[in-house]
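Colleague: All chains should be modelled from the sequences, with the hints used to inform the complete structure.
For the record, the sequence lines run as chains A and B.
Sequential numbering from 7 applies to the first sequence in our numbering.
Sequential numbering from 7 applies to the second sequence in our numbering.
It is worth saying that the hints were derived from the structure and are not from the lab.
Keep in mind that a hint or two might mislead.
The list treats identical chains as one, so a pair stands whether inside a single copy or across any two.
[Said to hold, decoys possible] Straight line, CA to CA, 27 Å or less: simulated BS3-like cross-link-like pairs of lysine-lysine: (1) Lys321 to Lys123; (2) Lys321 to Lys27; (3) Lys34 to Lys217; (4) Lys255 to Lys305; (5) Lys92 to Lys123; (6) Lys27 to Lys255; (7) Lys217 to Lys27; (8) Lys255 to Lys34; (9) Lys34 to Lys325; (10) Lys305 to Lys44; (11) Lys34 to Lys326; (12) Lys34 to Lys321; (13) Lys326 to Lys123; (14) Lys325 to Lys123; (15) Lys93 to Lys217; (16) Lys400 to Lys363; (17) Lys321 to Lys305; (18) Lys27 to Lys44; (19) Lys34 to Lys305.
Protein chains: 2
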Amino acid sequence: MFVAVMGFGTVGSGVAELLDKNHDSIVKKSMQDSLELKYILDIRDFPDSPYKDKLIKDFNIILNDPEIEIVVETMGGVTFAYDFVKKSLLAGKSVVTSNKELVAQHGYELLTIANEKNVNFLFEASVGGGIPIIRPMAQCLAANEIDSIAGILNGTTNYILTKMITENQSFDEALKKAQELGYAEKDPTADVDGHDSCRKICILAALAFGKHVYPDSVHTEGIRNITLSDVAYAACWGGVIKLIASAKKLDNGQVNVTVGPTFVARHSQLAGVDDVFNAALIRGDATGDVVFYGKGAGKMPTASAVVADVIDAAKHIEKKKFFGWDAAEDNYIADYNTAVTALYVRGTADDKQAVIKALNDSIGAVHVLTRENAPENEIAFVTNPAAEGELKAKINAVSGLSVTSVIRVADY
Amino acid sequence: MFVAVMGFGTVGSGVAELLDKNHDSIVKKSMQDSLELKYILDIRDFPDSPYKDKLIKDFNIILNDPEIEIVVETMGGVTFAYDFVKKSLLAGKSVVTSNKELVAQHGYELLTIANEKNVNFLFEASVGGGIPIIRPMAQCLAANEIDSIAGILNGTTNYILTKMITENQSFDEALKKAQELGYAEKDPTADVDGHDSCRKICILAALAFGKHVYPDSVHTEGIRNITLSDVAYAACWGGVIKLIASAKKLDNGQVNVTVGPTFVARHSQLAGVDDVFNAALIRGDATGDVVFYGKGAGKMPTASAVVADVIDAAKHIEKKKFFGWDAAEDNYIADYNTAVTALYVRGTADDKQAVIKALNDSIGAVHVLTRENAPENEIAFVTNPAAEGELKAKINAVSGLSVTSVIRVADY
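Modeller: See the structure below:
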């Protein structure tokens, strides 16, 4: 059996190396007589690569070669990746991808084509890098109804927040450090503004709850506005700030999907997930809480997840795996303002006692937080849970209080 | 398609309930037209059970009914379970079991029969209850070479140790509490002496490294002798005592498999796994550390893992899943005394300075530990890593030192 890899970047070259290095055990586990890498597609030249004989620049060579039964897409982006993956599936080839943007945007369509053509479309590496999350969710939790998912799904932002929490670095300092170490891109938007986490929670939500979720239907907040004073108040409250991507089934059949900085209590299994590590907490009706934890990115962890999918695709080349979800639906994603959550609020007030009394009358008792060296007129508190939109409206209506920062408080 | 359940105890009744409650989604995920529970085998009467019409007492009814394609074994024990499971496999029926003793003792033989008969023999629930461990290890980490596994695999002992660490209860007090809560059996031997953990690590080691490991080939220590002074010294050192089941590939091709109380540093992912929770840390060459965490036991978590296997068996009824390992081999399990580890030692010495000097000369510098209210002549220290047998011999040879307690120190 022959495989082609599209995109010879970090992950793609890791895939080529793993297919080489663990060749014999991979062939055995695939239950095939052979499993060989035939082509690597990339527009760039790699004159010094040990794989230079396999490098090609024309996708049609892959598409028109009937020997290629599995295509690996590690190009990233959506334009070309979507075109090549769709054509590959339509040509009856199985596809393995690490591209979360592709799956979050076009997963439903591509899975439908894969189903029609009776081939596999697998994407374990698109969420959590080398941590097995998608397959355990789809298979091992098959007997469960999943109630909710909460994940730290982006290593860059988790690294930045960890530096802010443990070393008292500002967001800008921590971001600079992350860029120096190669954890953050020169343009860090996709990570720090939450878009990467958003794509990943869309994939997990679709898998868990059965309908496609488009990234632009998900309320997404990043971590740019988190300050060290918020970090200090979180510590006073008994927790840490994490960028949490969450999806929760509501009683009315809707699903609440959000990405945003969140207060997480210190005893939570997610509070100790530091640096570039990722974790997903899955709450099922029968299993209770299950957590998957590990390094969420990096060349070899991600490549190993891709290769595991290649093995699985090879093993199921005749009988494809059941894997999929239905099309997106209107009114399926709940308005996040209607979801019930406690909120942390930081602001300023000249007469703090009056503001606390007014809050009490309006939204019930609040838990007032303190920190060292706070300006005289700074006020911070955590509310009881209520519908987010109403809560915010009532807080903003309190006279004498000017709100600077609002962060959700997790209940896991 | 029809299913039979053997053993209507805690897990078996949970399986029946789940097959009922999530019937439609289970059928869909199985890719079958139907999936119905036909028989429940138990020698006891359950006149008030909603399943009383399905209850039978004669295994041969299951064996001789060609409609039964999947047999679930949740009886526990080995004698009858082994006989019934073997006969079921030989009759061409797939078997799903939660019985770790059965798999640890007879896994190789039963997997071989399943292979020959082209049926499935699945046992996700045998390790970690509802936490998916076996399948992610077998499949998702397929592209990895696994280097080592370290797990907290027994909820009862973890509950007892947690009570000792956080509430300063003695072993006897904590055990009594665990028995009151139903976490520990009246005869707690299998849990507190490490046998349960041993069976589970045998299964994980076989899966990870490819050869059957018999429980009696594994050096196993329990937690009966752990005292609150050991707990205090662990805290002084910067960690906690956990019952760790570990398996590690050695450079010479052997595997070191042990179960025993272990000092685990506070920053380790395993240190925060408390109460009845379980976790397994899997170290692979490509993924780095991956941790699976959740409630390791309980009726519904375990039943949900069994039902997930039933779904998988149903889905692969025609083409079985590849899953297995080779027979056990002589000289495959390393003598634990040859493995390199640091040790914690507690003992008594009248002239402590002289003993520390003698230790220094014999095994190099030791890290001396202190605790409050220690008797005048008590001494405790942590060594540098060395071969365990030699290290112990040298420590025992130090004159003036009488050793009371020795505990391994983890390097993860």
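Colleague: For each hint, tell me whether it holds in the structure or not.
Modeller: We went through each hint and held it up to the structure:
1. In the homo-oligomer, the alpha carbons of Lys321 and Lys123 lie at most 27 Å apart both inside one protomer (17 Å) and across protomers (19 Å), since each shortest distance falls under that limit.
2. Proximity of Lys321 to Lys27 under the C-alpha cut-off of 27 Å is restricted to the intra-copy arrangement: shortest distance 19 Å within a copy versus 32 Å between copies.
3. Taking CA atoms no more than 27 Å apart as the test, Lys34 paired with Lys217 passes between copies only; the shortest distance there is 15 Å, against 35 Å inside one copy.
4. Within a single copy, Lys255 and Lys305 get their C-alpha atoms only as close as 34 Å, which misses the 27 Å cut-off; across copies the closest is 24 Å, which meets it.
5. In the homo-oligomer, the alpha carbons of Lys92 and Lys123 lie at most 27 Å apart inside one protomer (11 Å), although the nearest pairing across protomers, at 39 Å, exceeds that limit.
6. For the identical chains of this complex, Lys27 and Lys255 are inter-copy neighbours only, at 18 Å across copies versus 43 Å inside a copy, given an alpha-carbon limit of 27 Å.
7. Taking the shortest alpha-carbon separations for Lys217 and Lys27, only the inter-copy value of 22 Å comes in at or below 27 Å, while the best intra-copy value is 38 Å.
8. Only between protomers do Lys255 and Lys34 lie at most 27 Å apart by alpha-carbon distance; the minimum there is 20 Å, versus 40 Å within a single protomer.
9. For a Cα distance limit of 27 Å, the shortest separation of Lys34 from Lys325 qualifies both inside one copy, at 18 Å, and across copies, at 16 Å.
10. For the identical chains of this complex, Lys305 and Lys44 are intra-copy neighbours only, at 21 Å inside a copy versus 49 Å across copies, given an alpha-carbon limit of 27 Å.
11. Taking the shortest alpha-carbon separations for Lys34 and Lys326, both the intra-copy value of 19 Å and the inter-copy value of 15 Å come in at or below 27 Å.
12. When the C-alpha separation of Lys34 and Lys321 is checked against a cutoff of 27 Å, the pair qualifies both within a copy, at 10 Å, and between copies, at 22 Å.
13. Both within a single protomer and between protomers do Lys326 and Lys123 lie at most 27 Å apart by alpha-carbon distance, with minima of 10 Å and 22 Å respectively.
14. For the homomeric pair Lys325 and Lys123, the shortest alpha-carbon distances inside one copy (11 Å) and between copies (19 Å) are both at most 27 Å.
15. Within a single copy, Lys93 and Lys217 get their C-alpha atoms as close as 24 Å, which meets the 27 Å cut-off; across copies the closest is 43 Å, which misses it.
16. For a Cα distance limit of 27 Å, the shortest separation of Lys400 from Lys363 inside one copy, 13 Å, qualifies, whereas the shortest one across copies, 70 Å, does not.
17. Taking the closest pair of Cα atoms, Lys321 and Lys305 come within 27 Å of each other only inside a single copy of the chain (24 Å); across copies the shortest separation is 33 Å, beyond that limit.
18. With identical chains, the CA atoms of Lys27 and Lys44 are at most 27 Å apart within one copy only, with a shortest distance of 16 Å there and 48 Å across copies.
19. Taking CA atoms no more than 27 Å apart as the test, Lys34 paired with Lys305 passes inside one copy only; the shortest distance there is 24 Å, against 36 Å between copies.
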